[in-house]
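Chains U, V and S: place on chain E using the hints.
There are 4 protein chains.
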Amino acid sequence: MARPNRAIQSNMGWSTVDRIVVQGMDLTQQLLGKVNLGDMAFLELTGQLPTPQQSIVFNAMLVTLVEHGLTPQSIATRLVYLAAPEALQAAVAAGLCGVGSVFAGGSEGTAKMLHEALPQDPQADLAEVARRIVSDFKSERAAIPGLGHARHKPIDPRTPCLFEIAAANQLRGRYVALLEHIGHEAERVHNRSLPINATGAIGALCCDLGFDWKLARGIAVIGRAIGLVGHLAEEIRQPIAREIQLRAEEECSEQARKASPLG
Amino acid sequence: MARPNRAIQSNMGWSTVDRIVVQGMDLTQQLLGKVNLGDMAFLELTGQLPTPQQSIVFNAMLVTLVEHGLTPQSIATRLVYLAAPEALQAAVAAGLCGVGSVFAGGSEGTAKMLHEALPQDPQADLAEVARRIVSDFKSERAAIPGLGHARHKPIDPRTPCLFEIAAANQLRGRYVALLEHIGHEAERVHNRSLPINATGAIGALCCDLGFDWKLARGIAVIGRAIGLVGHLAEEIRQPIAREIQLRAEEECSEQARKASPLG
Amino acid sequence: MARPNRAIQSNMGWSTVDRIVVQGMDLTQQLLGKVNLGDMAFLELTGQLPTPQQSIVFNAMLVTLVEHGLTPQSIATRLVYLAAPEALQAAVAAGLCGVGSVFAGGSEGTAKMLHEALPQDPQADLAEVARRIVSDFKSERAAIPGLGHARHKPIDPRTPCLFEIAAANQLRGRYVALLEHIGHEAERVHNRSLPINATGAIGALCCDLGFDWKLARGIAVIGRAIGLVGHLAEEIRQPIAREIQLRAEEECSEQARKASPLG
Amino acid sequence: MARPNRAIQSNMGWSTVDRIVVQGMDLTQQLLGKVNLGDMAFLELTGQLPTPQQSIVFNAMLVTLVEHGLTPQSIATRLVYLAAPEALQAAVAAGLCGVGSVFAGGSEGTAKMLHEALPQDPQADLAEVARRIVSDFKSERAAIPGLGHARHKPIDPRTPCLFEIAAANQLRGRYVALLEHIGHEAERVHNRSLPINATGAIGALCCDLGFDWKLARGIAVIGRAIGLVGHLAEEIRQPIAREIQLRAEEECSEQARKASPLG
Chain E
0 MARPNRAIQS
10 NMGWSTVDRI
20 VVQGMDLTQQ
30 LLGKVNLGDM
40 AFLELTGQLP
50 TPQQSIVFNA
60 MLVTLVEHGL
70 TPQSIATRLV
80 YLAAPEALQA
90 AVAAGLCGVG
100 SVFAGGSEGT
110 AKMLHEALPQ
120 DPQADLAEVA
130 RRIVSDFKSE
140 RAAIPGLGHA
150 RHKPIDPRTP
160 CLFEIAAANQ
170 LRGRYVALLE
180 HIGHEAERVH
190 NRSLPINATG
200 AIGALCCDLG
210 FDWKLARGIA
220 VIGRAIGLVG
230 HLAEEIRQPI
240 AREIQLRAEE
250 ECSEQARKAS
260 PLG
Chain U
0 MARPNRAIQS
10 NMGWSTVDRI
20 VVQGMDLTQQ
30 LLGKVNLGDM
40 AFLELTGQLP
50 TPQQSIVFNA
60 MLVTLVEHGL
70 TPQSIATRLV
80 YLAAPEALQA
90 AVAAGLCGVG
100 SVFAGGSEGT
110 AKMLHEALPQ
120 DPQADLAEVA
130 RRIVSDFKSE
140 RAAIPGLGHA
150 RHKPIDPRTP
160 CLFEIAAANQ
170 LRGRYVALLE
180 HIGHEAERVH
190 NRSLPINATG
200 AIGALCCDLG
210 FDWKLARGIA
220 VIGRAIGLVG
230 HLAEEIRQPI
240 AREIQLRAEE
250 ECSEQARKAS
260 PLG
Chain V
0 MARPNRAIQS
10 NMGWSTVDRI
20 VVQGMDLTQQ
30 LLGKVNLGDM
40 AFLELTGQLP
50 TPQQSIVFNA
60 MLVTLVEHGL
70 TPQSIATRLV
80 YLAAPEALQA
90 AVAAGLCGVG
100 SVFAGGSEGT
110 AKMLHEALPQ
120 DPQADLAEVA
130 RRIVSDFKSE
140 RAAIPGLGHA
150 RHKPIDPRTP
160 CLFEIAAANQ
170 LRGRYVALLE
180 HIGHEAERVH
190 NRSLPINATG
200 AIGALCCDLG
210 FDWKLARGIA
220 VIGRAIGLVG
230 HLAEEIRQPI
240 AREIQLRAEE
250 ECSEQARKAS
260 PLG
Chain S
0 MARPNRAIQS
10 NMGWSTVDRI
20 VVQGMDLTQQ
30 LLGKVNLGDM
40 AFLELTGQLP
50 TPQQSIVFNA
60 MLVTLVEHGL
70 TPQSIATRLV
80 YLAAPEALQA
90 AVAAGLCGVG
100 SVFAGGSEGT
110 AKMLHEALPQ
120 DPQADLAEVA
130 RRIVSDFKSE
140 RAAIPGLGHA
150 RHKPIDPRTP
160 CLFEIAAANQ
170 LRGRYVALLE
180 HIGHEAERVH
190 NRSLPINATG
200 AIGALCCDLG
210 FDWKLARGIA
220 VIGRAIGLVG
230 HLAEEIRQPI
240 AREIQLRAEE
250 ECSEQARKAS
260 PLG
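Chains as they are written, first to last, in numbering that gives the first Met the number 0: chain E, 0 to 262; chain U, 0 to 262; chain V, 0 to 262; chain S, 0 to 262.
Possibly wrong hints are sitting among the right ones.
Pairs involving identical chains hold if they fit within one copy or between any two copies, as the list cannot separate such chains.
List time: in silico DSS-like cross-link candidates among lysine-lysine, alpha-carbon distance up to 25 Å [what the hints assert, rightly or not]:
# : residue 1 : residue 2
1 : K152      : K137
2 : K152      : K257
3 : K213      : K152
If you're looking for bench data, these hints aren't it; they were derived computationally from the structure. Keep in mind it's a predicted model, so treat the numbers as computed, not measured.
If we strip away everything but chain E, and leave its shape as in the complex, we get (with noise of 0.2 Å):
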């Protein structure tokens, strides 16, 4: 007795012969020269195009995501371009894996944790909600996710510059708040500077735009990407990803065979 299909439901795009539409949209008539990629990356996860003031608060996020110079991620990259140059879509992937809970992905766990936090009922004490939610995590042992950084201190200065963006249109609200109410209380409890890093700030932006925690992950993705690939322009110009592997094979050979009966 087979199982019954469900019907599929999928409304990101369809064509005809002469027409492709995106999100409900003419691609030709009304978003090719008139909206800009971050737009587009908002339509794409919303479907709707943003506000201007939307724009220019996603578009900073974006950016801020883009670079952030040889990470564990941008090596990977450049390695795997080195052993396959015909497959640069899988360099690109290889890096993109990367963007997990240690380093780049971080941003997934602060949306969560603010979303997880906040009550519906707009007149909650943020104060009082962060002191527990600092109380928990110290009783766990646990980082509270978007706080402190290893270079940047006593201040991440992407975060003021971000939230600024934010307030000028009119973007920043209860969980930038409520982060910032989180990071007070954390230095005081645990006596030391933790400012909000920049993944911090950005996932709790993410939240006051709107956006499912689950999709944190996907902007920082998003941000990424273009990094990478732009570490692939700069290894094609100037590779570097061969001298970064023979130093470390070397090094661990000589070890190795020294170390070995058989060496």
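Below, chains U, V and S alone, put in the same frame as chain E:
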């Protein structure tokens, strides 16, 4: 005797305690809130912010690449997300792996063909170059990159739209002209409709904008990365991957079981 | 003031002009023609060749993981190959990205649960430990890893088979015993059939063989990599990816077009 | 007017409530505890279990491919794991993306060359075929796949070892013979040492075992997947990825900062 280390260099970005520099520009002072995501991509790939004209054309090229409906790549991304929702980045990476020669990565082939064909000599006779290219591909019985589309005929509506945007911004150049000559010659020789398709148009525009042909696929990767995150946004709201998988699994299992002596 | 370099070490392999050493063994003298692929995998993960008993059990675990039909992963691999046949490795990588928490990667959860639950004290009362685990998961309304199967009930036929092979080779240990206690307790508490499934069985055997729980998913990855290459072998002979994609694309496009004011 | 569906077929595996069938064999009755992982891979790729001779040769080929030290791929896998330890499968996938034309995937090129060169005619003069191939590559100034090795010269020790194992099992055939002719001819024409390297040897053996040349890279992928999980096993015990990344990041950042007017 050890190989001496060679210096490695990268100028993508660096930071100090209170400053972040990307492509030689101060991130918070010069970029955030001031440039859109497409312009940031241009900066990453070239080291320069685009002119207003380049910005319009480059953003239009990227926007064209974002969304193509239920392609092999977007279905693959949804399937991987179904199996590993905790690693959204891996689902996007999976789909990007398929920005290949058959689907989605075709602009590389066009850009390479045009780049290799067009001599430095600005007086080159483009019609003559086009005749040689079409003849060469015909004798190898190979399809000419960038021409023909299964659905959009006799015209791919994106192509004239992109070329008009380029012309209006003084960026329609010799590579677009050459591809148009190739298209006309191919239609004449093969006696059938062979419109310049969107990936062909974008490959030619990559050349006219001065990009290395090796980056044409990277530009496709940027657009598709956004589209794949978009598909996950929809998959989260309205999942279809499980149904697609179950239908295929059930049809094949039933058939295999019936054909088997063990069934 | 620069951070001083720290030495890096790796003992996976090294070579000279005429010798190749892997895991401390001479590849051509000691391994080629003498060990099978499963034993080589054991050597890679542990630094030791397996005993004959370990070889049988470990190979059986891996063989179990290879082929599971048209899973999300194998369909994703076929779709990516359709789009980028020139990069077979990227198609396999795409499918592997989905060895996740929902499908295929479940042995990690079981191994982690068992590892964390079983005290060093060899006198621990396994039934008591099992009661605590089942109770904890129930109070968090979470599913217990390794139990239950949508199709194979009341027994997953792979589980008794694997446990018998382990027992016949003196490798059925405390972790398998604990998982069986957990299974019985869970069936009693929830009053329904909750067989130990194959990934659960493999997770427990990983622990009894002494693997770090973090490698349980790696063992699944090894098995699945082989299976995904197998699916490509079939896809090359008898392609189905295009039909799967077209059906989904057509059903969704038609529906979206009809619902659109532009359609 | 809708396109009619075409039937899809896959015979990789199917199951009922109490039986699992893989490649037409009962998993628990016929495979578990009875076949090793290399034989299972052979079954997956060909639909048949190997003969004892095929088993020895195929396992030896795969074992050769597993471990190559700190290659671009294994470093990439470690870097991605550093950033996303919660998604081990994505780290392996990242490294596999690099089983490409330059490193690790070379057996495909050899297999393709041999497959295309060797006529069905069993009387073909292999020396003559070899002369034509070497001449063709020379006139295109292209490197001949499967020949030459940066470190292992004048002989890659794996090649005679693999060929002897094949000969001892009556599986050294015409493709190996042709590659040896090509090697000798290339050394004569180019007047330098051009040993058949391990990937070349494996490519030729793929052909003699009857595999489609398109699967040669898949066989490399299987071996490398195991090796990459092995590298993660070591990375978990003895991490090096962070140090490799920091060294590269610091060297490049310092240099970029000094060269910058903002530095």
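Each hint, compared with the structure:
Taking the shortest alpha-carbon separations for K152 and K137, only the intra-copy value of 21 Å comes in at or below 25 Å, while the best inter-copy value is 43 Å. Proximity of K152 and K257 under a CA criterion of 25 Å is satisfied inter-copy only: 22 Å between copies versus 43 Å inside one chain copy. For the homomeric pair K213 and K152, neither the shortest alpha-carbon distance inside one copy (28 Å) nor that between copies (34 Å) is at most 25 Å.
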